[in-house]
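S.K.: Residue numbers (my numbering), protein chains in the order written: chain C, 1 to 114; chain Y, 1 to 117.
The set of hints was computed from the structure by calculation and includes no laboratory data. Please read these numbers as outputs of a predicted model, since none were measured by experiment. It is possible that part of the hints are untrue.
For the chain Y half of the interface with chain C, some residues (derived, Cβ under 8 angstroms), not all of them [claimed, not checked]: (1) Leu-45; (2) Ala-67; (3) Pro-105; (4) Leu-106; (5) Phe-108; (6) Gly-109.
Heads up, the beta-carbon is just placed ideally off N, CA and C, and yes, glycines get one too.
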Amino acid sequence: GDSVTQMEGPVTLSEEAFLTINCTYTATGYPSLFWYVQYPGEGLQLLLKATKADDKGSNKGFEATYRKETTSFHLEKGSVQVSDSAVYFCALSDPAGGSYIPTFGRGTSLIVHP
Amino acid sequence: DAGVIQSPRHEVTEMGQEVTLRCKPISGHDYLFWYRQTMMRGLELLIYFNNNVPIDDSGMPEDRFSAKMPNASFSTLKIQPSEPRDSAVYFCASSLSGTGEFNSPLHFGNGTRLTVT
């Protein structure tokens with residue numbers, strides 16, 4: 001079945017540091033890929049998405065590129081802020097392949113210090 | 001757009017009591033999901049509905065859990081009787097079906113934090 005693997009957290013960075021959170025996936029079909037963010041006390045919310053190979057999703061300074069050849073969708077940001085402290089979830093869904101239920105990774109906690 | 005609305009935000013109850021969690025999805029969305037989140041297990045899918053019909057409830061932990069969706073704008077998750085191990089944050093999410101570039105993300109509510117003592 002489909003699966004998503006994220007790097008273990010927590011990731012601890014100083015403000016303005018470069019961020020990478022790795023995400024790889026396995027899927028039988030051609031999925032769409034998502035990054036969600038969960039701030040303390042809130043539900044998950046979509047951060048960015050990509051629906052086909054080589055697409056780059058971007059939002060709020062975060063970027064991720066859909067790499068079919070390496071089955072990866074790594075999240076990056078050039079300069080993190082304290083307000084980026086949250087839990088980040090990589091996910092996929094493949095409705096065209098008959099799997100509409102999103103598959104989530106375990107989440108990676110990001111802590112940014114001033 | 002008001003987003004997905006869940007109530008209550010917090011629920012504290014004693015073991016053995018019945019608990020009912022409520023969810024109002026985004027208008028027009030045809031999928032509704034119930035998730036549970038704990039530190040130990042992360043995010044778990046409990047059940048999901050399509051056009052108000054339960055499609056897969058294989059994630060429901062046991063018979064003490066039940067979910068209904070009587071209409072397109074309302075769903076409930078009930079635990080009876082509740083146990084301390086049910087303590088978690090329960091999320092409702094909704095989405096609109098579509099493929100490719102129309103593949104809709106999930107829209108989550110802010111969750112209900114349940115504590116069973």
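S.K.: Would you settle whether the hint for Phe-108 of chain Y is holds or violated, based on the nearest Cβ-Cβ distance to chain C being less than 8 angstroms?
M.R.: Interface hint status for Phe-108 of chain Y: holds (3 angstroms vs cutoff 8 angstroms).
S.K.: Hint check: is the beta carbon of Ala-67 of chain Y less than 8 angstroms from a beta carbon of chain C?
M.R.: Violated - the Cβ of Ala-67 of chain Y stays beyond 8 angstroms from chain C, reaching only about 15 angstroms at its closest.
S.K.: Quick check on Leu-106 of chain Y please, does its C-beta sit within 8 angstroms of some C-beta on chain C?
M.R.: holds (6 angstroms)
S.K.: Given Gly-109 of chain Y as an interface hint, is its Cβ closer than 8 angstroms to any Cβ of chain C?
M.R.: Given a least distance of 5 angstroms, the restraint on Gly-109 of chain Y holds.
S.K.: Quick check on the hint: Pro-105 of chain Y CB to chain C CB, less than 8 angstroms?
M.R.: holds (4 angstroms)
S.K.: Tell me if Leu-45 of chain Y is really an interface residue toward chain C, meaning its C-beta lies closer than 8 angstroms to one of theirs.
M.R.: Hint on Leu-45 of chain Y: holds, closest Cβ of chain C at ~7 angstroms, below 8 angstroms.
Consistency with the previously given hints fails for number 2 only.
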